[in-house]
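Throw the hints in and build the complete structure from the sequences for me.
Protein sequence lines correspond, in order, to chains F and Z. Plus 63 on top of the position in the first sequence (first one is 1) and you've got our numbering. Plus 5 on top of the position in the second sequence (first one is 1) and you've got our numbering.
Check the hints yourself; a few may be wrong.
[Unchecked claim] Using 25 angstroms as the maximum straight-line C-alpha spacing, the simulated SDA-like pairs for lysine to any residue come out as follows:
#, chain 1, residue 1, chain 2, residue 2
1, Z, K72, F, E574
2, F, K221, F, H314
3, Z, K60, Z, P144
4, F, K549, Z, D36
5, Z, K115, F, L570
6, F, K547, Z, G112
7, Z, K115, Z, E87
8, F, K564, Z, G35
9, F, K547, Z, G117
10, Z, K134, F, L570
11, Z, K230, Z, L308
12, Z, K72, F, G686
13, F, K564, Z, G117
14, F, K564, Z, Q33
15, F, K564, Z, E90
16, Z, K72, F, E550
17, F, K546, Z, G74
[To be verified] Quick partial rundown of chain F residues pointing at chain Z, CB under 8 angstroms, derived from the structure:
#, residue
18, I557
19, I562
20, K565
21, L569
22, R572
23, P575
24, L577
25, P579
26, V580
27, T692
It is worth saying that the hints were derived from the structure and are not from the lab. We treat Cβ as the ideally placed atom computed from N, Cα and C, and that holds for glycine.
Residues per chain, in single letters:
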Amino acid sequence: MIRMNEAEEISSKQKQISVSEFFEKNKHFLGFDTLPRAVITAVKESVDNSLDACEEARILPDIRVEIRRTKGDELELITQDNGPGIPRDAIENVFGKFLLGSRFHAIRQTRGQQGIGITGVVMYSQLTTGSKTHVVSKIKSDSSAVYVDLGVDTKKNKAIKSGERRDIWIDDKTGNEISHGLRIRTQMKAKYQRGRKSVYQYLRMTSIVNPHASISLIVYDKEGSVVEEGNWIRTSNKLPRVVEEIKPHPHGIQLGTLQRMLREANDRRMTSFLKHNFSGVSPRAAKEILAMAEVEEGRTPKRIKAEEAKMLVTAFQTVKLLKPPMDCLSPIEDLLIKKGLSKAIDSRFASTVTRNPSVSQGNPFQIEVGLVFGGDLTSDGPIEILRFANRVPLMYQQGGCLLTKALEAVNWKSYGLEQPGGSGIPKGPAAVLIHLASTNVQFTSEAKEAVSYNEEVFDEIRKAMLEVGRGLKNHLKKSSQRKKAKEKFELVNIILPEISKKSSELLGREEPDLAPVITQIMNAVFLEEVLSWDKERRLSMCSITIHNYTARARAYTILAKWPESSETSMEFNPRGGRKEARGLWAWRLDTLDPGTSTVLEFGISGLTKGDWNEADIFFRGNGEIIGATKMDEALLDEQRKAEALEAAVEEVKIKDVTSHINHTKSDGSISDLGDDVPVSSDVTEFVPSANTDWFGMEGDEQ
Amino acid sequence: MSDSTRKSRQQVVDSLHQVAAEMHNRMQRGDPPRMTLPVRSKSNISFDNRLGVFKYGKSKTIRDATKLGSARQLLRTLHITEFIEEMIDSGKSSTLREMYYISEGWGNGKFGSQNESNNLAEDLEIVTKCLREDFKLRPEEDGARIIGNITVEERNRRGEWMTINCRDDVGDSGYGVPYNVEEEKLRLVDEDIDFVMAIETGGMFDRLIENGFDEESRCALIHLKGQPARSTRRIMRRISDEWKKPIVVFTDCDPWSFRIFASIAYGAIKTAHISEYLATKEATYLGITADDILAYDLPSDDLSKQDTNALEAELSDPRFNTGWWQEQIKLMQELGKKAEQQSLAKYGLDFVTDTYLPEKLDGIGLGY
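The following block contains the structure:
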């Protein structure tokens with residue numbers, strides 16, 4: 064996000080120099096410095112706007128990008144979405160005004176914070192080709208779409224409209240009338256390039272962190288043949304949560320910002336100014352701040368002098384304040400990261416983590432990490448790093464980015480990835496996604512491509528990496544155990560009987576009894592689990608088989624991890640057992656005699672096919688089980704205690720706040736409220752249909 | 006491999022059955038089946054004073070059915086046993102390659118690669134003390150070519166003995182040595198030579214023939230075709246034993262050529278169980294030596310990583326544990342260079358026959 068004092072700086076500059084001059088001077092950080100980058104930036108501005116608009120209007124986005132090389136270094140870019148469209152009277156403002164002041168007052172996580180905006184595209188087009196940008200906009204409540212050509216008056220910082228008309232908008236692909244959406248067609252000096260820094264890669268990455276979006280790309284050369292094509296279909300119908308706007312937290316306030324806020328304040332007293340314009344400031348804290356800054360409570364904000372403002376900023380850092388609210392963040396959430404990754408990368412294993420929100424200098428932030436391994440990924444090079452800030456891909460300056468540095472600081476060797484030299488980017492068939500969601504992403508430069516150093520953020524990323532790393536390590540250990548077990552089964556069930564048969568035939572002897580031989584060869588208890596999808600019952604099934612290939616009888620308790628949440632439940636469970644902790648179920652097995660086996664089966668509802676790909680199985684009892692991990696009782700105890708605490712906190716909250724909203728489930732349990740996955744009642748899936756009023760809030764009440 | 010050492014059909018079948026019996030007996034006792042084999046690596050070959058060649062030592066390895074790979078090997082061994090018995094019964098024989106393809110029908114006992122089937126056949130030779138000829142298995146590779154004034158009698162496919170002079174009755178490619186060179190197939194009849202020269206590369210073999218070297222220096226030339234086949238090594242051994250003629254070996258100067266010589270003179274690691282039949286302890290390494298690279302200022306190539314590793318391994322190979330070999334290997338390591346036989350052409354096509362070989366032969370008392 065462009066910091067507020069910078070915004071001021073930029074707008075004051077605007078007054079002094081012409082906008083086009085400003086653009087020319089700053090095109091490196093506006094993203095238009097090279098021809099290949101210009102087209103990426105243009106696509107980015109447009110697609111980010113589309114995603115933001117769809118999210119606000121609760122529409123599942125369908126976005127099309129078309130690029131056509133026209134001549135030499137010029138191309139035509141067409142982007143089209145099914146978003147809410149822009150009302151006729153707002154078009155000039157959206158496309159013509161260089162920097163919309165209002166954008167910088169809201170503190171919340173949006174994509175658009177990171178760029179110059181679509182105006183930059185209109186301006187770039189005009190500066191490099193002299194042409195106008197053609198816009199078609201249709202809002203639901205109008206009967207026809209607005210067609211208009213736009214240019215920018217660089218002296219007045221204002222759009223110039225021409226050729227405006229109204230017409231029915233027919234989709235050139237489907238032939239249907241479009242009820243709402245936006246289409247932009249623009250010419251620009253730019254060059255389409257393939258590879259790691261390309262429009263293709265940008266859209267691929269965007270689709271990963273926006274599993275709710277369908278995005279397509281088609282690129283034509285001068286002759287009209289397709290040179291590149293991409294199609295990423297949505298894997299989830301769940302729109303990201305609506306993020307709340309929050310007021311700034313005093314910990315993150317700089318002097319310039321405070322002075323501007325004071326100047327613009329309508330409050331009559333400083334106490335009410337502090338209470339109403341900041342988050343985390345209680346009446347008591349407001350008094351303390353003022354006392355410490357030696358500012359009288361009854362002073363008028365407009366009259367506060369610079370010296371006093373300075374004292375206030377110092378007091379902000381000293382007085383104990385409440386944390387800012389966290390609902391201004393929109394994490395992608397583990398399961399959706401998995402789905403997003405699976406949309407773009409074919410892999411065998413995915414481990415994802417969404418950390419709890421945290422605060423740095425008054426700014427809430429949240430870290431999410433996903434790791435995929437195996438499958439189509441190549442194993443001979445460094446892993447692919449997919450960096451995102453507020454769901455926007457970061458494609459440049461990988462090496463200088465905090466997200467990369469945090470990844471490099473992890474000892475990946477101990478998690479099963481090669482890491483030459485013990486540090487740096489690991490090698491192997493893996494890709495790591497890192498998402499930083501924050502109300503204030505700090506970048507190293509105005510180019511906004513690399514996140515700058517911040518200890519708290521670094522620490523959170525590291526912790527998240529360690530979590531996915533552990534997941535990978537378990538997966539690798541399990542794969543090797545599974546392979547070993549599979550080999551042993553083949554050995555005793557297929558090869559050994561054949562050796563017995565063949566040698567007996569050759570010698571003309573009786574076949575020996577193989578049971579004692581098998582016990583000697585295996586000499587272990589084996590566990591195999593198979594996950595499957597029961598289409599009829601819509602259950603994710605888990606079947607666990609335990610074989611005792613030892614000479615002694617064995618007794619175990621088997622524990623399985625399952626994706627417990629408010630949406631899932633243990634639907635099929637003939638063996639009973641009991642819940643040990645959140646997401647952990649236990650079954651006591653009958654004594655397993657030597658040479659016998661038993662099967663344990665359960666099914667989970669509330670998931671869709673492919674959601675659950677790997678189960679963790681633990682055991683309690685004497686002797687190892689190949690294919691399961693011994694339960695770490697200390698760790699379990701810790702988890703139980705944490706859960707008990709959370710439950711107690713939630714109980715208090717419920718009594719306090721919600722008498723009208725019933726958060727408890729039908730079985731009366733309240734434990735679901737403590738889930739890592741935030742499930743707020745105001746998030747409703749929204750699928751646009753012909754008779755839905757998408758502009759109003761009716762959708763939320765369905 | 007005189008007839009007295011060859012086994013009767015029944016003896017072969019009995020030895021094979023002992024292998025199966027070891028497995029069966031163990032299973033009856035409740036133990037995983039297994040096979041006991043000598044370790045087949047350079048760490049387990051030692052000089053046999055009585056035979057004058059390198060043989061396997063006492064280290065044994067156990068192949069048992071506690072791992073999938075080994076269990077498969079055991080099953081394959083039993084399939085081979087059955088296959089050999091069938092061939093003995095029906096009076097047929099097959100090539101190792103044919104057996105590899107036949108194993109396609111053996112289900113879980115089928116071979117993963119040709120190499121694997123060759124190795125298993127060798128394993129069986131070792132544990133049963135039989136030869137693959139006893140098993141009715143033929144190698145795929147053909148033997149060497151010989152040119153020189155020696156006369157042999159070979160029993161052809163019609164069972165007739167034909168007399169062949171390896172200088173006058175053959176074309177430029179020479180007499181092709183059959184895969185079986187035992188008495189029942191090949192007799193050494195007459196010779197008028199002073200020594201035998203074994204040559205690594207075909208190019209050099211043809212150069213010497215074109216230059217008339219065999220007649221001029223009164224020798225028989227044998228083309229080794231790289232690492233020599235069993236029959237090539239066996240015929241050299243017979244010529245040495247029966248005619249008491251010196252054998253000299255002329256190869257490139259690189260670590261792999263040193264190994265070719267070692268397999269001829271001391272016995273190969275892979276066939277150390279039959280070294281006494283195959284190795285010719287009287288053979289001499291003529292060149293090209295590391296000294297020659299310096300002495301003749303030969304064009305040379307840098308040693309590759311594999312070359313360097315091979316040299317390093319040879320330093321600890323008991324077969325090269327003589328002062329002369331250690332010196333040569335260390336000199337080569339120092340130079341970091343290798344040279345081909347044909348690099349002698351630097352001084353013209355006749356240099357090898359006019360200068361190099363006469364000088365080298367003179368050095369070992371075979372001057373002419």
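So, going through the hints one by one against the coordinates:
no. : hint              : verdict
1   : K72(Z) / E574(F)  : holds (21 angstroms)
2   : K221(F) / H314(F) : violated (36 angstroms)
3   : K60(Z) / P144(Z)  : holds (22 angstroms)
4   : K549(F) / D36(Z)  : holds (21 angstroms)
5   : K115(Z) / L570(F) : holds (21 angstroms)
6   : K547(F) / G112(Z) : holds (22 angstroms)
7   : K115(Z) / E87(Z)  : holds (13 angstroms)
8   : K564(F) / G35(Z)  : holds (15 angstroms)
9   : K547(F) / G117(Z) : holds (19 angstroms)
10  : K134(Z) / L570(F) : holds (20 angstroms)
11  : K230(Z) / L308(Z) : holds (22 angstroms)
12  : K72(Z) / G686(F)  : holds (21 angstroms)
13  : K564(F) / G117(Z) : holds (22 angstroms)
14  : K564(F) / Q33(Z)  : holds (13 angstroms)
15  : K564(F) / E90(Z)  : holds (17 angstroms)
16  : K72(Z) / E550(F)  : holds (8 angstroms)
17  : K546(F) / G74(Z)  : holds (13 angstroms)
18  : I557              : holds (6 angstroms)
19  : I562              : holds (5 angstroms)
20  : K565              : holds (4 angstroms)
21  : L569              : holds (5 angstroms)
22  : R572              : holds (6 angstroms)
23  : P575              : holds (4 angstroms)
24  : L577              : holds (7 angstroms)
25  : P579              : holds (3 angstroms)
26  : V580              : holds (5 angstroms)
27  : T692              : violated (24 angstroms)
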